[in-house]
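A.B. asks: Each protein sequence line maps, in turn, to chains Z and D. Residues in the first sequence are numbered consecutively from 1, following the working numbering. Residues in the second sequence are numbered consecutively from 1, following the working numbering.
Worth double-checking, as some hints may not be accurate.
Quick list of in silico lysine-lysine cross-link-like pairs, DSSO-like style, CA-CA up to 27 Å [stated by the list, open to error]:
| hint | chain 1 | residue 1 | chain 2 | residue 2 |
| --- | --- | --- | --- | --- |
| 1 | D | Lys101 | D | Lys33 |
| 2 | Z | Lys361 | D | Lys33 |
| 3 | D | Lys33 | Z | Lys102 |
| 4 | Z | Lys24 | D | Lys118 |
| 5 | D | Lys54 | Z | Lys157 |
| 6 | Z | Lys157 | D | Lys118 |
| 7 | Z | Lys430 | D | Lys33 |
Simulated from the structure, these hints should not be mistaken for lab results.
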Amino acid sequence: MNEQLTILLVVVPLMIAPITALFKSHTISWILTAIVSLTSLILSFIILFDVIDGSHVIYELGGWRPPWGIEYKIDSLNAFIALIVSAIACLSTIFAWQSVPKEINENNYGLFYAALQLCLLGLLGIALTGDIFNLFVFLEISSLSSYALISMGRSRKALTAAFSYLILGTIGATFFLIGVGFLYAASGSLNIADIATRFSTFADMQLVMTGFIFILLGLGLKAAIFPMHSWLPNAYGHAPSVVSIFLSATATKVSIYVLIRVLFDLYPVAYWQALLLPQILLVLGCVGVIYGSFRAWQQVELKRLLAFSSVAQIGYIIIGISLLNNDGITASVMHLFNHALIKATLFMGAGIILYRTNTTKLSELRGFGGSMPWTFAAIVLAGLSLIGVPGTVGFVTKWYLLSGAIAQGKWIVVVAILAGSVLAIAYVWKIVEAMYFNSKRKMVIQNVKIGDINLAKAPFSLSLALWIGAAGCLYFGLYTELPYQSAQSIATALLSSEVAP
Amino acid sequence: MIEYILGHINYWFIIAVMMVGLYTLISRTNLIKKLAGLAIFQTAVILFYVSLGKVTGGTVPIVDEAYTLYSNPLPQVLMLTAIVVGVATTALGFALVIRIKEAYNTIEEDAIFTLDQKDHE
Numbered sequence: 001m002n003e004q005l006t007i008l009l010v011v012v013p014l015m016i017a018p019i020t021a022l023f024k025s026h027t028i029s030w031i032l033t034a035i036v037s038l039t040s041l042i043l044s045f046i047i048l049f050d051v052i053d054g055s056h057v058i059y060e061l062g063g064w065r066p067p068w069g070i071e072y073k074i075d076s077l078n079a080f081i082a083l084i085v086s087a088i089a090c091l092s093t094i095f096a097w098q099s100v101p102k103e104i105n106e107n108n109y110g111l112f113y114a115a116l117q118l119c120l121l122g123l124l125g126i127a128l129t130g131d132i133f134n135l136f137v138f139l140e141i142s143s144l145s146s147y148a149l150i151s152m153g154r155s156r157k158a159l160t161a162a163f164s165y166l167i168l169g170t171i172g173a174t175f176f177l178i179g180v181g182f183l184y185a186a187s188g189s190l191n192i193a194d195i196a197t198r199f200s201t202f203a204d205m206q207l208v209m210t211g212f213i214f215i216l217l218g219l220g221l222k223a224a225i226f227p228m229h230s231w232l233p234n235a236y237g238h239a240p241s242v243v244s245i246f247l248s249a250t251a252t253k254v255s256i257y258v259l260i261r262v263l264f265d266l267y268p269v270a271y272w273q274a275l276l277l278p279q280i281l282l283v284l285g286c287v288g289v290i291y292g293s294f295r296a297w298q299q300v301e302l303k304r305l306l307a308f309s310s311v312a313q314i315g316y317i318i319i320g321i322s323l324l325n326n327d328g329i330t331a332s333v334m335h336l337f338n339h340a341l342i343k344a345t346l347f348m349g350a351g352i353i354l355y356r357t358n359t360t361k362l363s364e365l366r367g368f369g370g371s372m373p374w375t376f377a378a379i380v381l382a383g384l385s386l387i388g389v390p391g392t393v394g395f396v397t398k399w400y401l402l403s404g405a406i407a408q409g410k411w412i413v414v415v416a417i418l419a420g421s422v423l424a425i426a427y428v429w430k431i432v433e434a435m436y437f438n439s440k441r442k443m444v445i446q447n448v449k450i451g452d453i454n455l456a457k458a459p460f461s462l463s464l465a466l467w468i469g470a471a472g473c474l475y476f477g478l479y480t481e482l483p484y485q486s487a488q489s490i491a492t493a494l495l496s497s498e499v500a501p
Numbered sequence: 001m002i003e004y005i006l007g008h009i010n011y012w013f014i015i016a017v018m019m020v021g022l023y024t025l026i027s028r029t030n031l032i033k034k035l036a037g038l039a040i041f042q043t044a045v046i047l048f049y050v051s052l053g054k055v056t057g058g059t060v061p062i063v064d065e066a067y068t069l070y071s072n073p074l075p076q077v078l079m080l081t082a083i084v085v086g087v088a089t090t091a092l093g094f095a096l097v098i099r100i101k102e103a104y105n106t107i108e109e110d111a112i113f114t115l116d117q118k119d120h121e
């Protein structure tokens, strides 16, 4: 019975998105989006509890047997990623209720929500499918809708940011497609499990390695891994608040999920260990952590600061993958979840500030902390998680990452993580300093219409979403069972596939 | 060597087309020309897939007793999807260029960059 639920995760948004596009009313399109994201959340929960013990749920599309037909093979990693995506979608939907009418042109409500649902559909599809070409199609569905969503930002820079994301994202996806073509030429199959089981029969072909490099480059671009991150700060810095929240928490995470799949399930680990890839990833991860944190510290605008900090956090995840031991991978997978939660919370905080003051420049927010204490308390809480203070989610992942690195004797990683944490303290402090400690001066507030009471207090739905996120940062820092157990079961499954031929 | 080059002549042409696209994409500052480069780049990948499926002397894949050797239809079917994706990308790109033209009154990348710098100051 649960096989049928997996396909519903993709079909429900696919059916409702075109209907949503027909409506102009904000209320109706919001309710439809809320239905979609809530359904996805419930379905992913059911599926996750089904597979958390290490079993699989398999659905064959159209009844065609794999490897000919497309197959959805859900293990704990798939279900975990689907859960992250749909949970963040729910949070963003709550936030959207009052944020979208303010930021989006009123003629575009239906289209905006339809694009948001399509983006959700694409990300869920990537998380579920076991067919590598089908994965490309979902990757493009989510990317195309995210280009459109980013371009709806208020400043005209959003347009150029969306355009350069479109160019780089399409190059990334096309590289991925070329890689899949090479792999198909060698293996004659598109099913991930099928390619993996027959891998030794064609492993010697030059094609396979060329394909591997193309796939890696394509995914690296999509996931914004350190030297290929140039599109990310602009895209997330200028997008509408809801879009920044949703994409920063999910889009790069899902690309990293695909990377994990390719590295551990599609290609055997020994194959890319021989290519020195763990070492390359380790160095890229470490440089990414330090560079991203340093650039974040340099920023004077809150949303761009958060976007650069994402580059650093992706670095931590890459380091965890490159360690190739149980602790490292557990840390990476948990950080997919934890970082999604932290970054969504921080971007929601930035969204509330933008909603009330029409600016996110730190210099224009001086001493504003006293005027909106609860919002800033939540931001500080999420900021502490970003640093990795004990009792928050960030600490849990850094702990496992450090213990994984020490077990392998990789002291350079320990140094990079510590340096990254110190820089994180510096850039989080920069926000705190601007809000609380800088001399309070008269706020200069721009673009406010007469009679506009938005400035008076943070709207209820925005605060609700923000505090759900902040409470999550604290709750999952103290009670780590759900993410830890899932991540543990995922890491065991990924590493055991290495031992099997 | 010559035999190797001639035997893979289709792939050489595809690489040439791909590089033309990628080079146009990188070197032009005009946004429309960038998109044209992107479209050429994607077309090269489509050609690559289609030529993968070709079997020398093979016929169209139909069920008939008289024919046993036929080309692989799967890459062509995959490329139908990729063409749709490519069309959507190009269309979205053009829509963005129109909006950029309205907002900046130019579609030259360096002019847009200077305007953004001015905004910053």
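A.B. asks: Could you run down the list of hints and mark each one as holding or not?
C.D. replies: Now for the hints, and whether the structure bears them out:
1. D/Lys101 to D/Lys33: Between D/Lys101 and D/Lys33 the Cα gap is close to 14 Å, so the pair holds against 27 Å.
2. Z/Lys361 to D/Lys33: 35 Å, violated
3. D/Lys33 to Z/Lys102: 35 Å, violated
4. Z/Lys24 to D/Lys118: Not OK: Z/Lys24 and D/Lys118 at ~36 Å, beyond 27 Å, violated.
5. D/Lys54 to Z/Lys157: 46 Å, violated
6. Z/Lys157 to D/Lys118: At roughly 12 Å apart (the allowed maximum being 27 Å), D/Lys118 and Z/Lys157 satisfy the hint.
7. Z/Lys430 to D/Lys33: 42 Å, violated
Of the numbered hints given earlier, the model fails hints 2, 3, 4, 5, 7; all others are met.
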